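Protein chains: 2
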Amino acid sequence: MEIFQIEKITDCKYLNLFSIQYKDRAKNIKNWVFASRSQDPDPLNHGRVSADAVIVVPFHRQAKKLVIIKEFRLALGSCQYGFPAGLVDPGENIVQAGERELLEETGLAVTRVLKQSPPIYSSSGMTDETISLLFVECDGSPSNFFNEMSEEIEVIMLSREAAKGLISKQDLKFDVKSWMVLSMFADYGIIS
Amino acid sequence: MEIFQIEKITDCKYLNLFSIQYKDRAKNIKNWVFASRSQDPDPLNHGRVSADAVIVVPFHRQAKKLVIIKEFRLALGSCQYGFPAGLVDPGENIVQAGERELLEETGLAVTRVLKQSPPIYSSSGMTDETISLLFVECDGSPSNFFNEMSEEIEVIMLSREAAKGLISKQDLKFDVKSWMVLSMFADYGIIS
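Chains as they are written, first to last, in the numbering used here: chain Z, 1 to 192; chain F, 193 to 384.
Don't read these hints as lab results, they were simulated from the structure.
Possibly wrong hints are sitting among the right ones.
Facing chain F, according to a computed beta carbon distance under 8 Å, are these residues of chain Z, among others [to be verified]:
#: 1; residue: L15
#: 2; residue: L74
#: 3; residue: M126
#: 4; residue: F145
#: 5; residue: F146
#: 6; residue: F174
Computed from a predicted structure; not experimentally measured.
All C-beta atoms, glycine included, are put in the ideal place defined by N, C-alpha and C.
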């Protein structure tokens with residue numbers, strides 16, 4: 001396949017649509033639309049190595065519990081269970097961004113980094129968004145003192161039994177990453 | 193938080209941007225842009241229960257290997273390692289869509305469904321897209337005979353050792369779901 005033109009078709013601040021013209025394997029000219037957080041998205045920028053956002057998978061060491069958050073998500077118009085997460089600020093590395101987001105969204109402090117993923121793609125059929133997963137141990141008491149005005153966050157600490165109970169409930173909304181980690185934790189007691 | 197208006201700001205066939213006006217906790221009026229595959233996206237449609245797409249996590253029973261695909265992704269302008277996946281067609285259930293996509297993209301046949309996730313959210317900070325993960329056992333020989341003209345797919349069968357090798361390589365691009373499953377498979381020999 002050959003990409004020969006990319007056009008930006010919206011002019012928003014944080015998220016835009018781009019249209020790609022390409023030739024498929026039969027040499028037909030076709031069109032593909034995707035969303036990007038970047039003004040200079042991936043098809044033009046193959047060497048990119050930094051992630052748009054960090055997702056923190058926190059395990060509370062003293063309580064021996066997995067930490068998740070229940071958060072109002074505008075795109076869903078309702079609450080979703082997921083992990084503390086946010087965009088990486090300019091000049092921050094993934095660990096710094098993860099420490100900041102965990103504190104802002106839960107009041108908890110990172111005590112040890114267990115594992116860090118490279119930048120990985122959220123859903124490449126529709127976007128070039130990348131995230132890094134940061135598996136950490138943390139400590140402290142949950143608090144929403146540091147929440148922003150646009151955030152409505154409830155911090156939940158889960159034993160393996162509680163994770164089993166939560167994930168089996170119908171009608172709850174889960175993020176992909178949280179569902180996969182909860183599923184592993186519930187079935188095997190493993191987080192990372 | 194209170195959503196009081198949603199405006200569709202593009203007119204594309206498969207993916208659009210929507211702008212939400214809402215009041216934050218301090219009653220300030222703000223704006224949030226998200227992408228949706230739907231003409232009738234989630235904030236207007238709380239009761240939605242079907243997934244936009246299926247992601248198949250296939251384990252080849254005879255070979256005792258995890259199956260992944262290396263696929264050219266237009267949004268990245270390069271190849272990515274991920275799982276067979278695709279949109280759920282009207283009238284299909286998740287298992288039917290998964291069986292079809294696995295056959296189209298790899299030539300392999302589902303022999304047993306191991307686990308199915310509910311609809312879960314890909315990246316709710318930017319989209320209401322939902323997927324269902326379908327963990328299956330499969331059989332047959334890999335083939336790209338059924339690939340569409342817009343698909344360029346290489347099927348890869350991985351032992352646990354091969355998964356360890358692949359995931360440790362820098363500069364390769366992975367989808368979130370494939371990285372998480374590969375990581376668990378490499379570290380613990382567990383897939384679902």
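Interface hint outcome for M126(Z) [beta carbon to chain F under 8 Å]: Holds: closest Cβ of chain F sits about 6 Å from M126(Z), inside 8 Å.
Against chain F, with CB atoms and a cut of 8 Å, does the hint on L15(Z) hold up? Since chain F brings a Cβ to about 5 Å from L15(Z), closer than 8 Å, the hint holds.
Can we keep the L74(Z) interface hint, with Cβ of chain F closer than 8 Å? Holds, because the Cβ-Cβ distance from L74(Z) to chain F comes to roughly 5 Å (cut-off 8 Å).
Holds or violated: is there a CB of chain F closer than 8 Å to the CB of F146(Z)? At 14 Å from the nearest chain F Cβ, F146(Z) fails the 8 Å test, so the hint is violated.
When the least beta-carbon distance from F145(Z) to chain F is tested against 8 Å, hint result: Cβ of F145(Z) sits 13 Å from chain F, so the hint is violated.
The hint names F174(Z) as touching chain F; please verify it with the least Cβ-Cβ distance against 8 Å. For F174(Z), the interface hint holds, since the closest Cβ of chain F sits about 5 Å away, which is under 8 Å.
Hints 4 and 5, counting from the list given before, are not met by this structure.
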